[in-house]
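Protein chains: 2
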Amino acid sequence: MSQSSLMERAQVAEDTATLEDLATPCLILDADRMDRNIARLRARLERLGVSLRPHLKTAKSVDVARRVMTSSAGPATVSTLQEAAQFVAAGVRDIIYAVGIAPAKLPQVLALRAEGADLAVVLDSVEQAQAVAAASRQAGTRIPALIEIDCDGHRSGVLPTDSQRLIAIGLALQAGAELRGVITHAGGSYTARGPEALQQCAEAERRSVVDAASILREAGLPCPVVSVGSTPTAHSATDLSGVTEVRAGVFVFFDLVMAGVGICQIDDIAVSVLATVIGHQRDKGWILVDAGWMALSQDRGTSKQAVNQGYGLVCDVTGRPYGDLVVADANQEHGIITVRSGSGAALPDLAIGDRVRILPNHACATGAQHRAYQVVRGRSDRVEAEWPRFGGWQ
Amino acid sequence: MSQSSLMERAQVAEDTATLEDLATPCLILDADRMDRNIARLRARLERLGVSLRPHLKTAKSVDVARRVMTSSAGPATVSTLQEAAQFVAAGVRDIIYAVGIAPAKLPQVLALRAEGADLAVVLDSVEQAQAVAAASRQAGTRIPALIEIDCDGHRSGVLPTDSQRLIAIGLALQAGAELRGVITHAGGSYTARGPEALQQCAEAERRSVVDAASILREAGLPCPVVSVGSTPTAHSATDLSGVTEVRAGVFVFFDLVMAGVGICQIDDIAVSVLATVIGHQRDKGWILVDAGWMALSQDRGTSKQAVNQGYGLVCDVTGRPYGDLVVADANQEHGIITVRSGSGAALPDLAIGDRVRILPNHACATGAQHRAYQVVRGRSDRVEAEWPRFGGWQ
Numbered sequence: 003m004s005q006s007s008l009m010e011r012a013q014v015a016e017d018t019a020t021l022e023d024l025a026t027p028c029l030i031l032d033a034d035r036m037d038r039n040i041a042r043l044r045a046r047l048e049r050l051g052v053s054l055r056p057h058l059k060t061a062k063s064v065d066v067a068r069r070v071m072t073s074s075a076g077p078a079t080v081s082t083l084q085e086a087a088q089f090v091a092a093g094v095r096d097i098i099y100a101v102g103i104a105p106a107k108l109p110q111v112l113a114l115r116a117e118g119a120d121l122a123v124v125l126d127s128v129e130q131a132q133a134v135a136a137a138s139r140q141a142g143t144r145i146p147a148l149i150e151i152d153c154d155g156h157r158s159g160v161l162p163t164d165s166q167r168l169i170a171i172g173l174a175l176q177a178g179a180e181l182r183g184v185i186t187h188a189g190g191s192y193t194a195r196g197p198e199a200l201q202q203c204a205e206a207e208r209r210s211v212v213d214a215a216s217i218l219r220e221a222g223l224p225c226p227v228v229s230v231g232s233t234p235t236a237h238s239a240t241d242l243s244g245v246t247e248v249r250a251g252v253f254v255f256f257d258l259v260m261a262g263v264g265i266c267q268i269d270d271i272a273v274s275v276l277a278t279v280i281g282h283q284r285d286k287g288w289i290l291v292d293a294g295w296m297a298l299s300q301d302r303g304t305s306k307q308a309v310n311q312g313y314g315l316v317c318d319v320t321g322r323p324y325g326d327l328v329v330a331d332a333n334q335e336h337g338i339i340t341v342r343s344g345s346g347a348a349l350p351d352l353a354i355g356d357r358v359r360i361l362p363n364h365a366c367a368t369g370a371q372h373r374a375y376q377v378v379r380g381r382s383d384r385v386e387a388e389w390p391r392f393g394g395w396q
Numbered sequence: 003m004s005q006s007s008l009m010e011r012a013q014v015a016e017d018t019a020t021l022e023d024l025a026t027p028c029l030i031l032d033a034d035r036m037d038r039n040i041a042r043l044r045a046r047l048e049r050l051g052v053s054l055r056p057h058l059k060t061a062k063s064v065d066v067a068r069r070v071m072t073s074s075a076g077p078a079t080v081s082t083l084q085e086a087a088q089f090v091a092a093g094v095r096d097i098i099y100a101v102g103i104a105p106a107k108l109p110q111v112l113a114l115r116a117e118g119a120d121l122a123v124v125l126d127s128v129e130q131a132q133a134v135a136a137a138s139r140q141a142g143t144r145i146p147a148l149i150e151i152d153c154d155g156h157r158s159g160v161l162p163t164d165s166q167r168l169i170a171i172g173l174a175l176q177a178g179a180e181l182r183g184v185i186t187h188a189g190g191s192y193t194a195r196g197p198e199a200l201q202q203c204a205e206a207e208r209r210s211v212v213d214a215a216s217i218l219r220e221a222g223l224p225c226p227v228v229s230v231g232s233t234p235t236a237h238s239a240t241d242l243s244g245v246t247e248v249r250a251g252v253f254v255f256f257d258l259v260m261a262g263v264g265i266c267q268i269d270d271i272a273v274s275v276l277a278t279v280i281g282h283q284r285d286k287g288w289i290l291v292d293a294g295w296m297a298l299s300q301d302r303g304t305s306k307q308a309v310n311q312g313y314g315l316v317c318d319v320t321g322r323p324y325g326d327l328v329v330a331d332a333n334q335e336h337g338i339i340t341v342r343s344g345s346g347a348a349l350p351d352l353a354i355g356d357r358v359r360i361l362p363n364h365a366c367a368t369g370a371q372h373r374a375y376q377v378v379r380g381r382s383d384r385v386e387a388e389w390p391r392f393g394g395w396q
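In order, the protein sequences belong to chains A and B.
To convert, count from 1 in the first sequence and add 2; that's my numbering.
To convert, count from 1 in the second sequence and add 2; that's my numbering.
No wet-lab data here; the hints were simulated from the structure.
Among these hints, one or two may not hold up.
For identical chains, the list gives no copy identity; a pair is met inside one copy or between any two copies.
Straight line, CA to CA, 25 Å or less: simulated SDA-like cross-link-like pairs of lysine to any residue [claimed, not checked]:
no., residue 1, residue 2
1, Lys-286, Pro-323
2, Lys-306, Trp-288
3, Lys-286, Phe-392
4, Lys-306, Thr-340
5, Lys-286, Asp-164
6, Lys-306, Asn-333
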């Protein structure tokens with residue numbers, strides 16, 4: 003898709019729209035912060051000599067994708083075939099569907115490839131490799147597949163030391179499909195603390211795929227792509243020798259979990275939920291707002307970090323944190339704001355109808371609760387645009 | 003909306019569609035269980051002599067609403083103005099928007115009333131009452147409002163003993179708007195355990211609004227509606243004297259939290275997430291499926307109950323629980339299934355591509371992650387229909 007046709011997708015809001023005009027709750031995106039976050043990781047990866055394959059599952063938006071991808075054709079990473087279909091329709095041509103492939107999804111993969119997209123799948127078993135090879139043969143095409151490597155035991159993937167399984171998968175793929183490379187995700191890095199621990203995660207992530215690639219190559223199998231990725235490791239790696247690309251998603255927006263991990267500041271968080279005060283329980287020091295877990299998500303990712311942010315950190319309408327003011331509890335459409343337990347901070351004097359912005363624990367989860375971004379820049383209250391988001395799987 | 007035009011909304015799936023044909027993850031609704039759950043609460047409330055005003059925030063579906071409401075015109079309860087607008091468009095005429103009103107939302111309330119709906123709002127402060135009265139006067143109509151009563155300290159509402167505030171709100175409303183009655187929600191009942199504790203919650207809920215109604219009436223103010231509601235108390239109350247209506251939502255589907263509270267059986271749970279096996283970590287006893295927290299929600303409502311169900315309880319494709327098999331962890335699009343910690347149950351022998359159904363902790367939260375229900379009945383694998391769901395606020 004050309005830049006201009008992508009531009010047409012951005013439904014520009016009326017010139018007069020401000021944050022006060024928006025119906026609440028809704029999702030606010032500070033495009034200045036987003037641009038800064040994108041520039042920061044790009045510069046980092048350029049220094050490290052690897053390319054960026056952004057994970058678009060965080061944004062699920064063509065408008066954001068256009069800003070974060072290296073080119074309008076990609077490369078990109080997705081977590082659902084719905085994302086793949088949406089981005090293929092928007093002109094993206096180089097995509098990895100980075101969730102272990104179910105054989106029943108291969109017809110849709112083939113259909114998207116038939117539209118001209120180089121859509122690759124991920125797998126970690128001989129059974130899947132055989133299914134991909136069989137589907138490839140039947141369709142008269144070679145579906146590219148990456149072998150998922152388990153770098154830290156947190157989820158799926160082949161152990162990088164399991165040469166027998168790696169080679170068996172590679173051989174099964176080559177019987178009809180295409181072995182594109184190896185891929186891993188250091189999900190364990192989300193619980194690492196401190197720059198040293200994060201660098202160790204990044205190095206373990208790098209080493210896992212580099213080792214797996216060596217095993218494949220030594221067995222005479224191809225392994226052109228060596229893909230790593232997670233926002234904490236992308237921002238912590240000091241050496242990516244042997245790696246060809248980095249995937250990361252949440253770096254575009256950041257969130258309270260990432261601030262707790264230590265790889266961004268609170269002021270870098272680009273998304274927030276705009277909410278309206280709808281009540282008080284003054285005896286208890288509670289302010290009620292119209293953003294509950296439906297608007298904020300139920301992600302409590304900071305609950306085990308040093309600073310528990312409840313369901314989100316509360317800022318004034320310009321995005322400035324009040325300090326120690328959090329959404330301590332949430333029902334479906336009610337949020338209960340209060341001063342963080344143990345803090346001496348004062349409860350701000352907010353009246354019925356006043357507005358606040360709530361920074362999320364997890365940008366992917368909070369974003370998923372909304373159908374659009376209301377785009378602002380910095381401290382300005384002007385809403386520049388509304389960018390649609392999509393969801394679902396099919 | 004007439005029964006026949008509502009019928010047209012139910013997009014009947016092709017005769018051949020079965021659970022095996024569905025793309026995963028998706029949301030399954032067992033309409034037999036739903037019908038049974040609806041009949042059970044209806045019979046109970048008939049015996050108690052009160053009417054049912056179902057809370058449609060759980061289902062967010064016109065097709066489900068049609069089956070749970072007493073008539074095609076209502077009564078009904080909603081948690082967002084988007085729900086109100088959708089159900090007004092579908093012909094519902096008697097609605098309470100049961101989240102404290104923000105003054106900026108009154109124009110939309112007036113617009114929906116102008117379409118012929120008797121849409122009432124809820125509030126708990128003089129400021130809100132003044133705003134509703136002012137908007138009413140300006141529009142030349144009387145917006146009906148219910149005063150929210152705090153029966154258990156869990157969220158918003160006026161204490162039923164605070165006669166001064168109750169009367170002040172009532173008087174402020176009567177200066178232009180309409181005092182419709184009092185309303186409360188025993189949210190605290192979700193953490194009650196045992197029939198006796200639940201009956202005490204129900205009685206406290208009943209007494210709070212009956213007492214508040216007496217205060218208003220003794221002050222010469224009207225109070226025609228006396229509204230209580232929560233699924234646990236609706237199923238536990240033994241006397242509802244003085245109450246005119248019961249609101250409840252999750253009773254339609256039930257969920258693992260409600261089973262843990264003790265007001266339904268696992269076999270009553272009518273919604274589940276269909277998922278496909280995409281991998282194994284055999285050394286760890288893990289089965290990976292393509293339903294992560296995006297499909298299941300992050301609700302961990304059973305984590306503090308006697309039986310922690312993780313992110314959901316795993317059943318075979320017909321809906322029969324394996325026993326002690328849970329989604330122990332979840333990423334965005336990955337679920338990790340394993341035998342419950344401490345159980346001696348065996349891991350079932352599931353292959354890549356096999357399908358399971360996962361019962362949710364919280365039907366409202368899991369439902370919200372999906373755009374449609376795939377409707378089945380009992381153990382049949384035939385998909386009878388696809389019923390759309392909606393989300394969002396505006």
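Here's how the hints hold up against the structure:
1. Lys-286 <-> Pro-323: Within one copy only: 21 Å inside, 43 Å across.
2. Lys-306 <-> Trp-288: Both: 23 Å inside a copy, 24 Å across copies.
3. Lys-286 <-> Phe-392: neither (39 Å within a copy, 35 Å between copies)
4. Lys-306 <-> Thr-340: Answer is both; intra-copy 19 Å and inter-copy 23 Å each pass.
5. Lys-286 <-> Asp-164: between (57 Å within a copy, 15 Å between copies)
6. Lys-306 <-> Asn-333: So Lys-306 and Asn-333 pass the 25 Å test inside a copy (21 Å) and across (16 Å) alike.
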